[in-house]
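Enquirer: What follows is each chain in one-letter form.
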Amino acid sequence: MYQELQRAPHTPSGLFTRAQNIPFAASRQQTPNRLPYAGMPSGDVMQVVNLTNSPDKTFMDRVMEESGQTISLCYQCGNCTASCPYTFGFDIPVSQVMRLLQTGQKETVLSSSSIWLCASCTSCTTRCPNNIDVAKVMDVLRHEARREGFVKERRVKAFFDSFLDSVRSHGRVFEMGLMVDYIRKTGRFWTDMELGPKMLPKGKLAFKPHNIQGRDAIARIFERFEKEGS
Amino acid sequence: MTKHTYSYYPGCSGQGTSMEYERSTRAVCEAVGINLDEIPDWSCCGSTPAHTVDHTLSAALSGRNLGLAAKQGHDCVLTPCPSCLTNLKTAGKHMAESETFKEKVNRLLDEPLETIPDTKSVLQVLFEDLGPDALAKKVARPLKGLKVVTYYGCILTRPPGLMDFDSEENPISMDKLMQAAGAEVLQFPLKTECCGASHGVARRDLVMRLSGKLLDMADSLGADAVVTACPLCQMNLDLRQGQVNSANNASYRLPIFYYTQLLGWALGLPDASLGLDKLCVDPRPALQSISANKEVA
Amino acid sequence: MRIGVFICHCGSNIEGTVDTAEVSRIARDYPEVAFATDTMYACSEPGQDGIIEAIGEHKLDGVVVASCTPRMHEATFRNTLERAGLNPYMFEMANIREHVSWIGKDREANTNKAADLVRMAVEKLRRNQPLIAKEFDINRRVLVIGGGVAGIQAALDCADAGLEVVMVERESTIGGKMAKLDKTFPTVDCSSCILGPRMVEIAQHPNITLYACSEVDGVSGYVGNFSVKIKKKARYVDWDKCTGCGECVEKCPSRKAPNTFDEKIGPGRAINIPFPQAIPKKATINAEYCIKLTKGKCGTCEKICPSNAIDFQQQDEIITEEVGAVVAATGYDLFDWTVYEEYGGGRYPDVITSLQYERLLSASGPTGGHVKRPSDGKEPKNVVFIQCVGSRDKSVGRPYCSGFCCMYTAKQAILTKDHIPDSTSYVFYMDIRAPGKLYDEFTRRAMEEYGAQYIRGRVAMVYPDGKGNMIVRGADTLMGRQVEVQADLVVLAVGVESAKNSPQLAEKLRISYDSYGFFMEGHPKLKPCETNTAGVYLAGACQGPKDIPASVAQGSAAASKVIGLFSKEKLKSDPQTANVDIKRCIGCGKCVLTCPFGAIKEVDFRGQPKAEVIETVCQGCGICSSTCPQGAIQLRHFTDNQILAEVEAICRF
Amino acid sequence: MPVLNGRELRIVGFLCNWCSYGGADTAGVARFDQPTDLRVIRVPCSGRIDPLFIAKAFMNGADGVLVSGCHPRDCHYAEGNYYARRRLEVFKQFISVLGIEPERFEYTWVSASEGQRWQEVVTKFTNQVHTLGPLAPIPEVALSQLAQTTGTDIREEA
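Residue numbers (the working numbering), protein chains in the order written: chain A, 16 to 245; chain B, 13 to 309; chain C, 152 to 804; chain D, 423 to 580.
It is possible that some hints are incorrect.
As the list claims (entries may be wrong) - Dumping the calculated DSS-like pairs for lysine-lysine here, alpha-carbon to alpha-carbon at most 25 Å:
| no. | chain 1 | residue 1 | chain 2 | residue 2 |
| --- | --- | --- | --- | --- |
| 1 | C | 384 | C | 334 |
| 2 | C | 721 | C | 734 |
| 3 | C | 545 | B | 105 |
| 4 | B | 114 | A | 242 |
| 5 | A | 242 | B | 159 |
| 6 | C | 618 | B | 159 |
| 7 | C | 256 | D | 546 |
To be verified - Partial list, computed: chain D residues near chain C (C-beta under 8 Å):
| no. | residue |
| --- | --- |
| 8 | 428 |
| 9 | 440 |
| 10 | 465 |
| 11 | 466 |
| 12 | 483 |
| 13 | 484 |
| 14 | 495 |
| 15 | 496 |
| 16 | 516 |
| 17 | 528 |
| 18 | 535 |
| 19 | 542 |
| 20 | 546 |
To be verified - Examples of chain D residues lying across from chain C (beta carbon under 10 Å, computed):
| no. | residue |
| --- | --- |
| 21 | 448 |
| 22 | 500 |
| 23 | 507 |
| 24 | 536 |
| 25 | 558 |
| 26 | 566 |
Calculated from the structure, these hints are not laboratory results. Here the structure is a predicted model, which means the values were calculated and not measured. For every residue, glycine included, the Cβ atom is placed at its ideal position computed from N, Cα and C.
Modelling step: build the complete structure from the supplied sequences, incorporating the hints.
Expert: This is the structure we're talking about:
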């Protein structure tokens, strides 16, 4: 049995008049087991993260290569979380998304709803003290999520897809068509119902799409993009 | 007054939900001698959805328009919409900086893009080429007595490295133009705070919260109206003001102008050319009140 | 000639990537090399003794040491040669550490390069001549630039050692930034109580001449014999007559002058005495805001001054002082935080700097120590401190940590609780830097006993919420949340920057400075208070951000360097000076024109004009010898032949 | 041992003691990797460098010469680098007359704190010289003329 190391009591000099004669090594209290709550990375139980083999290096390299940003520049100051107007709606604040990216926690990041709710408003990029384009990293995380089939916010993706389908078929956005397609994809027919009567008398809602001449040029862009698989 | 001609990229919303922005922009530019040469057969820049899918696709969609604009031979493309501006600038800058990226984009396009024209917002040209002083001289109906709050939106001047126009934290270009037109501009601290952008359809709760904060701040400052320069911000604050009121049980009745509408009004242009009737929250009471007290003053 | 070559391992620093045994084997075949070996640590005592033994044993008359940079140990090994009875200039070094082993891992290429560098050193040494240093007398007077705590300490130490001190202070009073402080950490003792007496000592010390409200206009000469031009700036008050009574300050009608001592937070007058304990306690007039000087009217102060000390015709004056050494103690300035428009960019009155808050806390401050909000004078209940404003931030070009902001913010949080018992202080920080003695205990005390709420995360926005209070929106990365604080007062811990136009002063003193304007020390670890220029020393924050204890320590350190320099009877001049070969000199006078120090004069030699070098003035730059068309004037130890020998050693083999 | 054939070229460096030599030291202390071709000659000031030294280096078979001094206004001797700037600019335009590509000779200003920049300067210049390859030997006739004019024949002196 190791003999209990007897540490010489160290009394700080009489500077603070009320300093007691405290033993140098305070006794170790038992810390309560911390339960997960909304702000912490998702996952039903607080798993231990093994930092040697759980980081997905290829994922990290791909994100850094496509976004052109160096993740190691981030010193976790939280300025992006402080700046982000959407933090209230996120499940993982953006500074923790960056932390999870630094530690290669691919599933946790890509299965978050934050990367879908981020509207690329660039507050984070504007105020990052290390000049990291955080908005671009979030953008690239959405690309990764699409490639790997993670979609936490189905309706947000549906809206983007409907928007691009409308552009693909008309060359410009046909707003009415976009809404119809969105309702078809999500089944939420009551979306913005009350806005119809407000916009109709203003003549703001065109019922027929305005197809541009170069419509097939746009369609070819999409086809080539899909073929390239970028 | 120099007659300067620019390529003009209207943007899709200008044909529909923000047609009043399109109309008033053309009217004001016409009135102050800025010649807009619309890009023939322009197509959608892909806005936010495109760059959330892929940067090469987004750059190709914008690239096609840059190619068409280059053919027009003007040195700069103007667009009123900040989202289109961001996409055009990002595509242009990224392609200028990286040859490999440019090739990837050109592989998606019918004709490869060679020279990439410069892009600016209409606001930047009005502020830099015309300028507040020249504008003040043209004002027929000063907006004296109208207390406004200028809301720039989150991407018109940000990120600074890309947009390099006005300040990214406290832009003043619209303030100066409004002051030149006679309006009283209140100090609005959330000038570049996001309004909820394109989440109005899929996640409206986000817009209710963010646009709600903006309207609440404008209201508590005692503004008569909010002035914007972005179709999506205008839609979230004006068209959805009713939804915001019911979501936050508030009762704002704040007219949300496009800055081009107010400038047009101050220049004495006819209402029809400014599309004032297209706004959801009726702007006429605010405008009548200032023209009324003009007779009195 | 019998040359000894010593190849140093420097532990593994050189041996790690250079085969020193192989290099010494190659060196043996170099011409005139009588002995070559490799040694573990050439600069260590056994290393040096080994060299001395080898000199005796092999009767060497020249030594080449291949080790680190000569800038570090050339002097060390020259002393070794002297102790071995050789002339110290029969010595050359090959830099095979910083220029070889540390910049590449390719052992074969490094070994080959090291051998080449040794050959160059040998070839140069073969053409070296023994040089005898001449001696010149020293002007035992020292110039201290800057009257902050570091300058005061340096001046007092030098004066107490019997040296005459000339102190030049740019402001109208000495005391620097410390005089503006209310209390100091970690002991929370009153700043003017510990600094005041030292300032009085400066004023009363017989050996110290103080030029306040003055600047260094130009420095010429060299160690031991500097001639300094000091510009006494016009202060429009005759300081001999002024008694510092302060009558004029009360009556002065011009109230818009910025009160720079109170960091522009309090009202300022055109005529002003910075603070009650100012040294010298004299009034100065701010010409831009004085109605008399700008519009020719008023002159109230002239009328009511009991000792008619006002003199509106006063002009700047240039005084020359001869000194032997210079101590630069010019301190620092605060970063211009208004680039942070997200914190209001200076538009919001209740967002102030830490130094302005210190003035509010100070009894001699504009509010007499009562903390009042600049906007409406109310006592703030929620005070928010924001750390790292202009420090550790690449986006504004200030990546470095300013060192002492964490400490003074903890102190200010404690003082806030003392001044306003029912207040709460919030501190947004990234990492607490509290390395000194009792420092960390002090910051813990601010949290544990004084209830300061420390929030780990940066602040993104400070803005009025339209309902009368300021919202500070930041992050708490430990909680993983965005957080907001309703603040009555926001205090920014603004980062440290080099003092205004310190690059210009560095050029006058001919010392180098880094990209932020801080002066370059001789060696970051071994010579923190020296510069590369002999006779010019550094003290305090002008060399880099540091707190008061470190600045005071450096003040004493710089003083001890000066005292050490002056302790010698005479100073040895560097014998590496230019030398004219009368036979080849045709008296064209080109060298006389090019010498920056006027160290060459034209003399008559049997009716023909010839050039002659004044050895004590020559600094050994060698511009003359590369100007001379005849090659008649040669810089000793760097003659044309010596340099060309090195060139040929590289190219011919 | 002659320069590693095929892997290294002969590059001569003249560095002023106060700034650039210090900058090279700072680069070493920071362990910034650099190609090994450069051999540094320490001179008190860039003003001490006579353009003839550089000419002689090329005559002797150097493939590249790099000169570095203090930034203008930083010179320890106040004006040394001003003289250097003028002399070396004239010389750089002149060496093409000697049949030497101007890109083989560069002069620049590096301060004692700019270790990173020194690494870039050395790496860039070394690659620049490697793209040009070794310098064609100066014809015999030039060397004999040189011997007559300067009175010292570098060929025998070795």
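Enquirer: For each hint, tell me whether it holds in the structure or not.
Expert: How the hints compare with the structure:
1. Between residue 384(C) and residue 334(C) the alpha-carbon distance is near 31 Å, which puts this suggested pair outside the 25 Å criterion.
2. For the proposed pair residue 721(C) and residue 734(C), the alpha carbon gap of about 33 Å is over 25 Å, so the pair is violated.
3. Taking the CA atoms of residue 545(C) and residue 105(B), the gap is near 23 Å; set against the 25 Å cutoff, the hint holds.
4. Our distance criterion of 25 Å between C-alpha atoms is met by residue 114(B) and residue 242(A), whose separation comes to about 18 Å.
5. Of the supplied pair hints, the one linking residue 242(A) and residue 159(B) is violated, its CA atoms being roughly 54 Å apart against a limit of 25 Å.
6. Distance check on the hinted pair: residue 618(C) and residue 159(B) sit about 17 Å apart at the alpha-carbon level, within 25 Å; holds.
7. For a cut-off of 25 Å, the pair hint linking residue 256(C) to residue 546(D) stands: about 19 Å separates their Cα positions.
8. Restraint check, residue 428(D) versus chain C: the minimum CB separation of about 12 Å is more than 8 Å; hint violated.
9. With 8 Å as the threshold, the beta carbon of residue 440(D) comes within range of chain C, its nearest partner Cβ sitting at about 6 Å, so the hint holds.
10. Look at residue 465(D): its Cβ gets to within about 6 Å of chain C, closer than 8 Å, so that hint holds up.
11. The closest approach between the C-beta of residue 466(D) and any C-beta of chain C is roughly 5 Å, which is under the 8 Å cut-off, so the hint is satisfied.
12. For the restraint placing residue 483(D) at the interface with chain C, the shortest Cβ-Cβ distance is roughly 5 Å, inside the 8 Å limit, so the hint holds.
13. Taken as an interface hint, residue 484(D) checks out: its beta carbon lies about 5 Å from the nearest beta carbon of chain C, inside 8 Å.
14. A cut of 8 Å between beta carbons decides the hint on residue 495(D): the least distance to chain C is about 5 Å, and the hint holds.
15. Checking residue 496(D) against chain C by beta carbon gives a least distance of about 6 Å; that is within 8 Å, so the hint holds.
16. Because the smallest distance between the Cβ of residue 516(D) and any Cβ of chain C comes to about 16 Å, over 8 Å, the interface hint for this residue is violated.
17. A hinted interface residue such as residue 528(D) counts as satisfied when its beta carbon comes closer than 8 Å to some beta carbon of chain C; here the least separation is about 17 Å, so the hint is violated.
18. Restraint check, residue 535(D) versus chain C: the minimum CB separation of about 4 Å is within 8 Å; hint holds.
19. Look at residue 542(D): its Cβ only gets to about 13 Å from chain C, farther than 8 Å, so that hint breaks.
20. The closest approach between the C-beta of residue 546(D) and any C-beta of chain C is roughly 15 Å, which is over the 8 Å cut-off, so the hint fails.
21. Interface restraint check: residue 448(D) against chain C, minimum CB-CB distance 8 Å, threshold 10 Å, status holds.
22. At about 5 Å, the closest approach between the beta carbon of residue 500(D) and any beta carbon in chain C falls short of 10 Å, and the interface hint on this residue holds.
23. Interface hint status for residue 507(D): violated, as the beta-carbon distance to the closest one in chain C is roughly 12 Å, over 10 Å.
24. Taking 10 Å as the C-beta cut-off, the interface hint given for residue 536(D) holds, the closest approach to chain C being about 8 Å.
25. The beta carbon of residue 558(D) comes no nearer than 14 Å to any beta carbon in chain C, farther than 10 Å, and the hint placing it at the interface is violated.
26. The beta carbon of residue 566(D) comes no nearer than 17 Å to any beta carbon in chain C, farther than 10 Å, and the hint placing it at the interface is violated.
Taken one by one, the earlier hints fail for this structure at numbers 1, 2, 5, 8, 16, 17, 19, 20, 23, 25 and 26, listed in ascending order.
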